[in-house]
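Sequences listed follow chains A and B, in order.
Position in the first sequence counted from 1, then plus 18, gives you the numbering used here.
Position in the second sequence counted from 1, then plus 213, gives you the numbering used here.
In short, the hints are calculated from the structure, not lab data.
All C-beta atoms in this analysis are idealised placements derived from N, C-alpha and C, irrespective of residue type, glycine included.
Among these hints, one or two may not hold up.
Claimed, not checked - Derived, one-sided and incomplete: chain A residues facing chain B with beta-carbon distance under 7 Å:
(1) Lys-110
(2) Leu-113
(3) Phe-134
(4) Leu-154
(5) Thr-156
(6) Val-157
(7) Cys-184
(8) Ser-192
(9) Ala-215
(10) Gly-216
(11) Gly-218
(12) Ala-237
(13) Asn-250
(14) Ile-252
(15) Gln-253
(16) Ser-265
Stated by the list, open to error - Anything over 10 Å on all C-beta distances counts as not near chain A; from chain B, calculated:
(17) Val-328
(18) Arg-362
(19) Leu-377
(20) Ile-410
Claimed, not checked - Below are the EDC-like pairs computed for lysine to aspartate or glutamate, each with C-alpha atoms no more than 16 Å apart in a straight line:
(21) Lys-444/B with Glu-102/A
(22) Lys-139/A with Asp-103/A
(23) Lys-440/B with Glu-398/B
(24) Lys-317/B with Glu-195/A
(25) Lys-444/B with Glu-222/A
(26) Lys-55/A with Asp-170/A
(27) Lys-141/A with Glu-195/A
(28) Lys-141/A with Glu-127/A
(29) Lys-141/A with Asp-189/A
(30) Lys-110/A with Asp-401/B
(31) Lys-414/B with Asp-247/A
(32) Lys-139/A with Glu-127/A
(33) Lys-440/B with Glu-412/B
(34) Lys-317/B with Asp-189/A
(35) Lys-139/A with Asp-189/A
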Amino acid sequence: MKYAPDRSTVSRELKMTRVHRISSRSDLFPRLVAMQKLMDAQNFAIYRVAGSGLPSRLHLVCELENWGPGNLTASKSIVDAYGEDMLEHIEKSLLPLMWNGIDDDRTAEAIDFTQFTQRLKSKMLPCAGVAFPVRLGTVGNGFVVFTANFIDLTSELIIDLHGRSCQIMMDLLSLDERRSSAVESLSEREIACLQLAGDGRISEEIAEKLGLSVHTVNAYLGSATIKLDSVNRIQAIAKSIRLGYIS
Amino acid sequence: MDMHMLHATRRDSEAVIPTIAARTMTRDQLILRLTDVAGSPLIHSGLRALTDYLGASHYMLARCDLLQESGLDFVMSSDWPFDLVRRLASDLVSTYVRTTEFEKCLMLFQPSFSVLPDDVTLPEGSSRQYCSLTFNVGRTRLSLMLLYRDGFILSPERLREVGLLTGYFASFGHCVEGKGERSFELTDRELECLFWIAEGKTSDEIAMILGISRNTINNYITSVMRKTATKTRSEAIAFAVRNNLV
Numbered sequence: 019m020k021y022a023p024d025r026s027t028v029s030r031e032l033k034m035t036r037v038h039r040i041s042s043r044s045d046l047f048p049r050l051v052a053m054q055k056l057m058d059a060q061n062f063a064i065y066r067v068a069g070s071g072l073p074s075r076l077h078l079v080c081e082l083e084n085w086g087p088g089n090l091t092a093s094k095s096i097v098d099a100y101g102e103d104m105l106e107h108i109e110k111s112l113l114p115l116m117w118n119g120i121d122d123d124r125t126a127e128a129i130d131f132t133q134f135t136q137r138l139k140s141k142m143l144p145c146a147g148v149a150f151p152v153r154l155g156t157v158g159n160g161f162v163v164f165t166a167n168f169i170d171l172t173s174e175l176i177i178d179l180h181g182r183s184c185q186i187m188m189d190l191l192s193l194d195e196r197r198s199s200a201v202e203s204l205s206e207r208e209i210a211c212l213q214l215a216g217d218g219r220i221s222e223e224i225a226e227k228l229g230l231s232v233h234t235v236n237a238y239l240g241s242a243t244i245k246l247d248s249v250n251r252i253q254a255i256a257k258s259i260r261l262g263y264i265s
Numbered sequence: 214m215d216m217h218m219l220h221a222t223r224r225d226s227e228a229v230i231p232t233i234a235a236r237t238m239t240r241d242q243l244i245l246r247l248t249d250v251a252g253s254p255l256i257h258s259g260l261r262a263l264t265d266y267l268g269a270s271h272y273m274l275a276r277c278d279l280l281q282e283s284g285l286d287f288v289m290s291s292d293w294p295f296d297l298v299r300r301l302a303s304d305l306v307s308t309y310v311r312t313t314e315f316e317k318c319l320m321l322f323q324p325s326f327s328v329l330p331d332d333v334t335l336p337e338g339s340s341r342q343y344c345s346l347t348f349n350v351g352r353t354r355l356s357l358m359l360l361y362r363d364g365f366i367l368s369p370e371r372l373r374e375v376g377l378l379t380g381y382f383a384s385f386g387h388c389v390e391g392k393g394e395r396s397f398e399l400t401d402r403e404l405e406c407l408f409w410i411a412e413g414k415t416s417d418e419i420a421m422i423l424g425i426s427r428n429t430i431n432n433y434i435t436s437v438m439r440k441t442a443t444k445t446r447s448e449a450i451a452f453a454v455r456n457n458l459v
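Okay, chain A solo, but in the shape it has when bound (with noise of 0.2 Å):
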């Protein structure tokens, strides 16, 4: 039984690692800036891969940009432009990818990191730029994009920008967690019926194996489903899984 050992002191070391956390989105602003200043860069966005299943359902959405109220189809035109082969590139590669602009003096250079950085196809947007690809997992990946008139940047300043990437995403993804679980959290019974259900086992095996009677777990699993706002307890473990709370 995987679900119940150590999960406390799992979560406490984890908390010690990660020190600075953030309060709400906005904290993240400044630290964006910070990034998009050290590459001398106009703006930023943090683009996420939303939807899930088949390749042809995801798509990137917009969370953070500061292109301002002026530029509303900025963060569609890069979508328009790039969105399928950034969605593909996230796929299988970690590789920063570049692009150029439409004018010959719009370019995005890394001189001693070719190797390292991927090209996306040149003058499809005004401005040139850079997109950092994020997989943490199931859940939370994306880009963040910087565009400018000019990019260079060296391998040293694409590392630290990228890492930086990284912990944004981390950080974006932890206000979502702490946002779902203000929702009712799932108690210790009703985790370990649906790890179990999840497993394999049919509801007369998890009774067995808890203790309990069937109708118990029965219930367990349809207050799991309402907590989960699922209609079925197949749509509460796939919920459970990527949420975290069975492995």
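Starting from the known structure of chain A, arrange chain B on it as the hints suggest.
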């Protein structure tokens, strides 16, 4: 990989930590060495360079998705003593299943230190602690594990760089294929059914959505359960979610 294994065994008999001549390697030198070997199907020379840059002694790059299967297929490249890898395999699995996917997502590139079991023979002068950090290349989660001399302190900055560069390095294909192929043993239709079941739809509803009969849907699901060796619908969905198929 077999070659690496032999390599590791040979090293084991010497059981000495290689002298770290390149300890003062600069980042530029590292990048040059990596650029030279990038794209080559043998990743050990790149990993060696990264390990030297860090000042560590032995590296192991492992695929977390294969940890729970029997055998040592999870080792992608390693110069750890072979017996140590074999002894550690079961411990790695139990540590791995103890954290949830969510916690793993928040541990990207975060170095953590663990202690090796007392009954293993270490290379001479090696610390009983080892350092590991995980990252993802596409759908595959990888773990980089490092041994180092007793008393040596790994630089956190360099650890972060090395983690990222290992990820770049592993992005050059070759290494993380295989799992992808395995997931595509399922047909598009089967994946589509799985997706809708995970969304809480019943067979009848899916039949309506896809415009095919309920029996066909049930056949797809039976076939999924056969291919994934799962006993119930719930387990099949759990399998699909765990393996990022839906």
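These are the hints, each one checked on the structure:
Checking Lys-110/A against chain B: minimum C-beta separation of about 4 Å stays under 7 Å; hint holds. Taking 7 Å as the C-beta contact cut-off toward chain B, the hint placing Leu-113/A at the interface holds, the least distance being around 5 Å. For Phe-134/A, the interface hint holds, the least distance from its beta-carbon to any beta-carbon of chain B being 5 Å, beneath 7 Å. For the restraint placing Leu-154/A at the interface with chain B, the shortest Cβ-Cβ distance is roughly 4 Å, inside the 7 Å limit, so the hint holds.
Taking 7 Å as the C-beta cut-off, the interface hint given for Thr-156/A holds, the closest approach to chain B being about 5 Å. Given the 7 Å rule on beta carbons, the hint for Val-157/A holds: about 6 Å separates it from the nearest Cβ of chain B. The closest approach between the C-beta of Cys-184/A and any C-beta of chain B is roughly 5 Å, which is under the 7 Å cut-off, so the hint is satisfied. Because the closest C-beta pair between Ser-192/A and chain B is about 6 Å apart, less than 7 Å, the hint holds.
Of the supplied interface hints, the one on Ala-215/A holds, with its beta-carbon coming within about 5 Å of a beta-carbon of chain B, less than 7 Å. Satisfaction of the interface hint for Gly-216/A is found here, the shortest Cβ-Cβ separation to chain B being roughly 4 Å, below the 7 Å cut-off. Among the interface hints, the one on Gly-218/A holds; its C-beta lies about 3 Å from the nearest C-beta in chain B, closer than the 7 Å criterion. For Ala-237/A, the interface hint is violated, the least distance from its beta-carbon to any beta-carbon of chain B being 17 Å, above 7 Å.
Contact between Asn-250/A and chain B, as hinted, is supported at the beta carbon level, the nearest pair being about 5 Å apart and thus within 7 Å. For Ile-252/A, the suggested interface contact is upheld, since its CB lies about 5 Å from the closest CB of chain B, less than 7 Å. Look at Gln-253/A: its Cβ gets to within about 3 Å of chain B, closer than 7 Å, so that hint holds up. Annotation: interface hint on Ser-265/A holds; nearest CB of chain B at approximately 6 Å, less than 7 Å.
The non-interface label for Val-328/B is consistent with chain A: the shortest C-beta to C-beta separation is roughly 14 Å, beyond 10 Å. Non-interface status of Arg-362/B relative to chain A is upheld: no Cβ of that chain comes within 10 Å, the nearest being about 24 Å off. Residue-level check failed: Leu-377/B sits 6 Å from the nearest beta carbon of chain A, not beyond 10 Å. A cut-off of 10 Å between C-beta atoms contradicts the statement that Ile-410/B is not in contact with chain A; the least separation is 6 Å.
Between Lys-444/B and Glu-102/A the CA atoms are separated by roughly 36 Å; this puts the pair beyond 16 Å, and the hint is violated. As the CA atoms of Lys-139/A and Asp-103/A are separated by approximately 9 Å, the hinted pair is consistent with the 16 Å bound. For the hint linking Lys-440/B to Glu-398/B, the alpha-carbon distance of about 8 Å falls within 16 Å, and the restraint holds. Only pairs whose Cα atoms come within 16 Å are accepted, and Lys-317/B paired with Glu-195/A is accepted, the gap being roughly 13 Å.
For a cut-off of 16 Å, the pair hint linking Lys-444/B to Glu-222/A stands: about 14 Å separates their Cα positions. Between Lys-55/A and Asp-170/A the alpha-carbon distance is near 13 Å, which keeps this suggested pair within the 16 Å criterion. Using a Cα cut-off of 16 Å, the hinted pair Lys-141/A and Glu-195/A is violated, with the two alpha carbons roughly 39 Å apart. Proposed proximity of Lys-141/A and Glu-127/A is supported: the alpha carbons are some 14 Å apart, at most 16 Å.
Annotation: proposed proximity of Lys-141/A to Asp-189/A is violated, straight-line Cα distance about 33 Å (limit 16 Å). Between Lys-110/A and Asp-401/B the CA atoms are separated by roughly 19 Å; this puts the pair beyond 16 Å, and the hint is violated. Annotation: proposed proximity of Lys-414/B to Asp-247/A holds, straight-line Cα distance about 14 Å (limit 16 Å). At roughly 14 Å between alpha-carbon atoms, Lys-139/A and Glu-127/A fall within 16 Å of each other, so this suggested pair holds.
Of the pairs offered as hints, the one joining Lys-440/B and Glu-412/B is violated, with about 21 Å between alpha carbons and a cut-off of 16 Å exceeded. For the hint linking Lys-317/B to Asp-189/A, the alpha-carbon distance of about 13 Å falls within 16 Å, and the restraint holds. With a CA separation close to 31 Å, the supplied pair Lys-139/A and Asp-189/A exceeds the 16 Å bound.
Consistency note: the structure conflicts with the earlier hints numbered 12, 19, 20, 21, 27, 29, 30, 33 and 35.
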